[in-house]
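Could you slot chain B onto chain A? The hints should help.
Chain order of the listed sequences is A and B.
The opening residue of the first sequence carries number 1 in the UniProt record's numbering; numbering runs sequentially from there.
The opening residue of the second sequence carries number 1 in the UniProt record's numbering; numbering runs sequentially from there.
In case anyone wonders, no lab produced these hints; they're calculated from the structure.
From the three backbone atoms N, C-alpha and C, an ideal C-beta is built for every residue, glycine too.
Possibly wrong hints are sitting among the right ones.
[Claimed, not checked] Among the chain A residues that face chain B by a calculated CB cut under 10 Å, a handful are: (1) D434; (2) L437; (3) A441; (4) R450; (5) V455; (6) G461.
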Amino acid sequence: MAQARAGLSRTRLFGARSGWSAAALLPLAFLALFFAWPVLAIVTLGLDEGGVLKALFSAETWELVAFTLGQAFASTVVAIIAGLPVAFVLARCRIRGLGLVRAAVMVPFVLPTVVVGLAFRTFWPDGGVLPIVLANAFFNVAVVARTVGGLWAHTDRRAEDAARALGASRPRAFLSVVLPALAPAIGSAAAVVFLFCATSFGVVLVLGGSRYRTLETEIYLRTVELFDLSGAAALSLLQFAAVLAVLVLGALARRRRETALSLRDREELARRPSGGEWYVVAGAGLVVVALLAPVVGLVTRSLSTRDGWSLAGYAALATRGDRGTLAVTGFDAALNSVRTAFDATVVALVVGVFSAVVLVGLRRSGGRIAEVLDTALMLPLGVSAVTVGFGYLVTMDALPGDFRTSPLLVPLAQALVVTPLIVRMVLPVLRAVDERLRQAAATLGASPLRVWREVDLPLVGRSLVAAAGFGYVVALGEFGATSFLARPDAPTLPVVIARLMSRPGELNSQMAYAACALLMVVTVGCVLLIERLRVPSSGEF
Amino acid sequence: MALELDSITVRYGQTVAVSDVSLSVADGEVVALLGPSGCGKSTLLRTIAGLEKPSSGSVRWDSADLAGVPVHRREFGLVFQDGQLFPHRSVAGNVAFGLRMQKVERESRDKRVLSLLELVGLEGYADRRVTQLSGGEQQRVALARALAPSPRLLLLDEPLSALDRALREQLAVDLARLLREAATTALVVTHDHDEAFTLADRVAIMSRGRIVQVGPPAEVWSSPVDVETAKFLGCNKFVPGSFVGLSVGRVGLRATALRVDPAGPLEGTVLERVHRRDHVRLLVEIDGEEYEAVGPMTEVGDRVRLEIDLDGVARIG
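Chain B with its partners taken away, still in its complex shape:
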């Protein structure tokens, strides 16, 4: 195990931001810390970086306790949500910063800077001022800057949240490829489950300072540990398993669990209709209960039949 967190608690006065968290990240693994804002995930990340001090518990790297190691000796890269590029340095100057701290010779430094800029798709940007870059470009530079000194661990704090949606989705795919190619050990903090599932080998769900569930994305997605986690992962309706023909206690339904289909087993009345990007979302009343569903064009007031899609169903527990 490369990174190990052993029952870490972080307090600010009376407030407990992180409570008894244990987690490990293997060499070359990408783990996402996923949770709603204010759940303590950023604090945990900053504790690992050495920017916060845990009230109890320990951060270890290859079994060595890091308590006495200051931020600048940990060799952990950190990427902020909004880049935090040095405004008085050029793109190349930003990327080269960590290498200069390591006293890397000028020649190999320049070479490394160019190869990193190529890696993040910014060839020819070396001499630009960082203030002239777009948000997406700034984030790429921030990433190159953090990767340049070859950190043992890369920490990403909501790396894509400040970008608009189209760019975010594109960059998430790029970032996933980049982390795999560089075989980087990384911990990504995010509140966006799409982002977490795109990037991570394993996902850790955080809620109110605790880690409530850890597992591969598919497993976490299909079997959230409790109702709260299921709600956070997009389930909006909770019914007995028998409702969808499963022999489990309770299941959560996402909007995609019910699809308009003339051959479906359920029947209801359309109450509302909203156009989304690539589908139409409906609010359907079945036996006096309201359910979300997706479907082709229908009118409010229509009677429709609905098919159950198990991909949209999450087993609780």
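So here's chain A without its partners, still in its complex pose:
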């Protein structure tokens, strides 16, 4: 009742929806210019060439689709099965080392895809379907654990207790009460994970070789190596259709989840596990160990050569690789990575926070445009980074200035990937701020801008910092679009790693593994810093 009233008043207070709708145009314009236009340009380019229909109906295309969706489905299932016990531990258990578990789960999510691919290659040197599925799942356990755990932590335990009192066994109570309550979060997480897995690029490229190809790697192959633009366009269209379908399903699940979240109880629900719950805790422990194994494997690999332990790879970071494989030294690339990711994060923060504020305003006044913006902001996650990257090359010289060679190109492409992440992290926190708190500040004499500074900013401040941190590490590890856009004289670390791996020479691969370890150290450092902020784990990622 009070909420409804507050909602209505907001509409009136700001002279209505039209104001927010106009504000929504800004992020939409950003998306149109730096996302829709390049993607459409590439697709039309392909369409103009003809042969799209032929590509669409070839058996090879549909084998690709089947393999892409199949591996994504399998990866999603594995990620959910592995993620649920971890979600339980994070949400419901009061045991030592929880912060460590949270960090351990988070690290894989922000590791560069190429690094993960390499890490799994240390266990499966020849690649294959199993490592692809496991690697994709490895990334996304964090998404499941955090999304589901976030809801689980706020789900009233008494419903479960009531079921037990009515005679349900513990597993029965879980299946009939807890699981349905968590279903929206699981659905939402599954949609996101599926999206990530279906468009995963680095992992499949490193582990699939030429045998196992997905739509994403095939688009890359056809665009870059075969110059088969019409084939690539056809595949892009297919991918786009699939992604849109998944996004719509995810949006539906999220809508249901938001109503569920409003019922949440702030009561402290965590307690020491008892009885059978210890099995679940043990399961979660196994998952954490499994998540850490590739990381440890990678570090070990970077230190060992045929002649025993050695720091040769790390020393080589100061060079341009074996016989001048690279145009710059490893450290130069690292420096460039750090700078580019910083620029990308700034852009993504501006666009993401602005979008989140607009989305809150729009959602309060109950507009359809909110859902359009929400879904549009997620799209870049699901469209081939390669398409975006190539699209940039085709379109950006139409912009004033020599944009195609601008050092801003790579940060902008990375920002596209990071923005949805920031929106998803900031949005729930902004939504949770009671409108009447803002009104109280206004009646005490605070102007609208002052209200934002005095109320909204302090309340979302920490999650804003956390979002920026995650955004930063994701940008640091971005590979698909960057590999396409980075100039040879200014590559980022992931690009350098991929290049080193593709060249012969033990020193090159040694150096690649060392670079991976370097990237991981930076990433883990960021994640641990963010964990220290103790941001409530209510984000949707």
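The following block gives chain B in isolation, referenced to the frame of chain A:
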């Protein structure tokens, strides 16, 4: 007149929340807006604060129309039902907020904060976190916060409804004293007539978006304007005035209108008996009609005589 509302109407699409309301509040006066939930009283309060825009009519302060004055320039304090304290600020930080907006110097700000905390009975709470306070304490802080910048008008939206009963009654008395001491001009929205009568110099009864009656508490209590208002004010039985020996058309009876008394003029049979806090409430059948009454211990089925207490009788109209 300090505050004047001139035929205010507030619409949400098709729904009319407030319909043609006119009301004035004098300098230093406390007026209660009393009505059942959903009658539009909170909407009216929020319109005065500037949080809602009236579809027609005007809000004036000292004859100046406030239509173009945004919320933060109206200098009207607002206290919500559930406090809405800033969770990231201490008690003192909350109370000081309005003073900071007014750019009051630190020294006089601190002094004012301390004197307000003393006023609401929370000395020594300055550095506490607001999340550690009980509901009653939070409401006191909310009140101090709203009073700190010395608002021209204090708006209270169900300020005590979220508290449990004992605390509510205590705080109502405190609040009444506080408003008098500070000579605050105030408008209180409430659905609880005890609260309204404790706090207010005048009571305005609202029903379905309209103000149906305005007057001093005693007058409104003893002469509600119509049957609906009388029902809202606790009357549960309506009889001709002659029934209680009055020469008016219709009267409403509250439970306290009939009291068990061996010397009383009426006689009936006890049908039900319920223990209340400080009395026993009975359902008595008199000549085939059921009436509520209060009385000492009796058994169901007893024949009792009843006395009429005019304090429990309300003249309609």
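Consistency of the hints with the structure:
With a least beta-carbon distance of about 6 Å to chain B, the hint placing A:D434 at the interface is held under the 10 Å criterion. Using the Cβ-Cβ criterion of 10 Å, the hint placing A:L437 at the interface with chain B is satisfied: the shortest such distance is roughly 5 Å. The interface hint given for A:A441 holds, since its Cβ lies 7 Å from the closest Cβ of chain B, which is under the 10 Å cut-off. Hint on A:R450 holds. Least Cβ distance to chain B is approximately 7 Å, under the 10 Å limit.
For A:V455, the interface hint holds, the least distance from its beta-carbon to any beta-carbon of chain B being 7 Å, beneath 10 Å. Using the Cβ-Cβ criterion of 10 Å, the hint placing A:G461 at the interface with chain B is satisfied: the shortest such distance is roughly 9 Å.
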